[in-house]
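Spelled out, the chains give:
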Amino acid sequence: MPVPASWYVSLSVLLFVIGTVGVLVSRNAIVMLMGIEVMLNAGNLVLVVGARTWGLEDALIYTFLVMTVAAAEAAVGLALVIAMFRRTKSLDLDSLKTLSG
Amino acid sequence: MNLVPWILMFPLAGFLLLGVGRRRWPNAWAGKLASGAVFLSFATAVWVFADLLSLPPEARSVKLVLFDWLTVGRFSVEAALLVDPLSMVMALVVTGVGFLIHVYSIGYMHDDPDVVRFFTYLNLFMFMMLTLVLGANYLLMYVGWEGVGLCSYLLIGFWYTKESAAQAGKKAFIVNRVGDFGFALGLFLLFWQVGSLDFGVVSQSAATVFVAGGGVITAICLLLFLGATGKSAQIPLYTWLPDAMEGPTPVSALIHAATMVTAGVYMVARSASLFVLSPQAMGVVAAIGAATALFAATIAITQTDIKKVLAYSTISQLGYMFVACGVGAFGAGIFHLMTHAFFKALLFLGAGSVIMGMHHEQDMTVMGGLSKAMPQTHRVMLIATLAICGIIPLSGFVSKDAILWAAFAGGPFHSTVIWGVCLLAAVLTAFYMFRMYFLTFRGPARWPHGLHPHESPAVMVRPLLVLAFLSVVGGFVGWPHALGGSDHFAHFLEPVWPPLPEGAHAAMSTEWFLMALTLVVVTFGILASRHFYLTQPAVAAAWSARLRLLKSLLSHKYYVDEIYDALFVRPLVGLGRACWQLGDRGLIDGVAHGLGHTARLLGQVGSRLQSGAVRNYILVFTFGVVLVLGYYALALSR
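If you read the protein sequences in the order shown, they are chains A and B.
1 is the number of the first residue of the first sequence in the numbering used here; add one for each residue after it.
1001 is the number of the first residue of the second sequence in the numbering used here; add one for each residue after it.
Note that these hints are calculated values from the structure, not bench results.
Every value quoted in this text rests on a predicted model; they were computed, and no experiment measured them.
Please note that the accuracy of each hint is not assured.
[As the list claims (entries may be wrong)] Restraint ranges, calculated between C-beta atoms of paired labels, are given here:
#1 B:Ser1607 with A:Thr53: 47 to 55 Å
#2 B:Tyr1631 with A:Ala79: 32 to 40 Å
#3 B:Gly1603 with A:Met67: 34 to 42 Å
#4 B:Val1626 with A:Val69: 16 to 24 Å
Even glycine gets a Cβ: it sits at the ideal position worked out from N, Cα and C.
Can you make the complete structure from the sequences, with help from the hints?
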């Protein structure tokens, strides 16, 4: 008996919420990047489920797009984290407040 | 004839040379260079004049087109010079008297550190004045008209560090603007009607374009005359001229007595073909002229500043010239303009000599008895005073008598009332001029102990002698028929005027009688003056105490300055202040500042959001996404 689509979607929602909460509550820049990865993959999961269950082929294309973006985001994000660490000697995002208006 | 442009070019060259190298010229050279330029101009004018005389009378009007100046559609103006008897008389007077005054200025301005600037302005004035009189159309005349106004402003305020001089310069300029506005409107109207501003075209087509006595021609003439009242200091725009005496005395002589202030008379005479078509305008011209002649003469009686007396006397004499134009005797007006240039320039230069001899004292109440200290100045001043009073056979007698005769019967628009007013003004002229003479040169010396008045140097006295000679013989060129002359001057100018209706025919005996009457009343004025100010000064004091009210009215110049101040100046200043406070500061600055303030306020609020804490941004962003998605979710599920 195949797993119903609603389960997948529920898992995806759960993952997305976990990712969001992770981004919101963590002070650590790397944890925040991880949260973002989780959110992106939650989105990917929905797209793949949609493609399998309802035959939406173009959703697969979007999956690849999201993966590419996620890879680029991770590269840029990690570079930013390194640059930030060089400057502040910490990974705490709250130490970056010099851009206040 | 081809030399005509050089009359203009010499002063222009002088102006440019002096102006460009203002800081390089040694002070001693400036006067010589400027005088030289004007002398060359005068010599050229004489040459051209001789050329003009060699032509037959009816061909004596030569237009010299230099280049096309402006062409816009139907509107076309040439830069052209007109040589005819009228413009040549003016050019000769301007350059001749101008040259003498330039020479005199070398002595008078000798100690001034800024003498180069003085002569620069003086040469610019000569150029502009010659443009005014030699231009062949109204627009060129207008250029010169504004140019001499500018020079007048610059020279009145020559000693600009003196508050009163700077104020007087401004007053002259602003009062003249009123007149110039009328002049400009008159020109617009004229161009609209005739389609040209060329003197020749206007005078030829005037009679066909305009209905004689119609509203349009009267409006044009009155507007032109308004311009003349400004430049020539007539009622109601005369108030600037007495204040203009703040300028150096040679300037008063050149600009505010001999040449520039007569520009209005020249303009009216030049527009004779227009004015004769409007008897109403002619009446206004004569009435204003006569009223000014009398009005200014009464004020002159109580003035104690020697230059102020002469200033009011100038206004009064200019009134005579307008009377002449108004009664249709344009030739007599120009004749008086010429003789007046001689004797009034002499009077002013003589007064300058007195002021210098008295070590810069202008108050006549501390003069007296100067005839011994300054014998030469005294002699020429006496001649000039007799000339302006109109004592036979000096030049003033001949020209003033021509005007009085024209007003009584000779002119086409003659009027006995005008004549009576002029006769009264002549008596007053004799009275106040001799008052000035007695107070300055005769009687006991009233100057403070230790002051040693001295005669002026030769460079100043020689021009005085030449002008004195001209004041004596100047009248003989127009010696009247009634006294066995042939009235050359009037006949010489005749081709310039439009055909005029004949004046009333009167017997020669009437003319003789009027001359004798004038001489008698003028002599009476002189004797009265002698009685009051020389032999019985106590009587004068008693009279002025008895007529205290009248005297205070006169010495305050009828309070005209105060009335103008209350009627025009203060409201305008108030309006300006209101515009500044309400319009400029309130509205314009308010809008500009308001925009700035609003932007800054928005920025301040916005900058609060920009906390710099990344996690705050994420939180807000997330809430935003939730809100938007929630809204769509609700909207779709419905």
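Comparing the hints with the structure gives:
1. B:Ser1607 with A:Thr53: 47 to 55 Å: holds (49 Å)
2. B:Tyr1631 with A:Ala79: 32 to 40 Å: holds (36 Å)
3. B:Gly1603 with A:Met67: 34 to 42 Å: holds (41 Å)
4. B:Val1626 with A:Val69: 16 to 24 Å: holds (22 Å)
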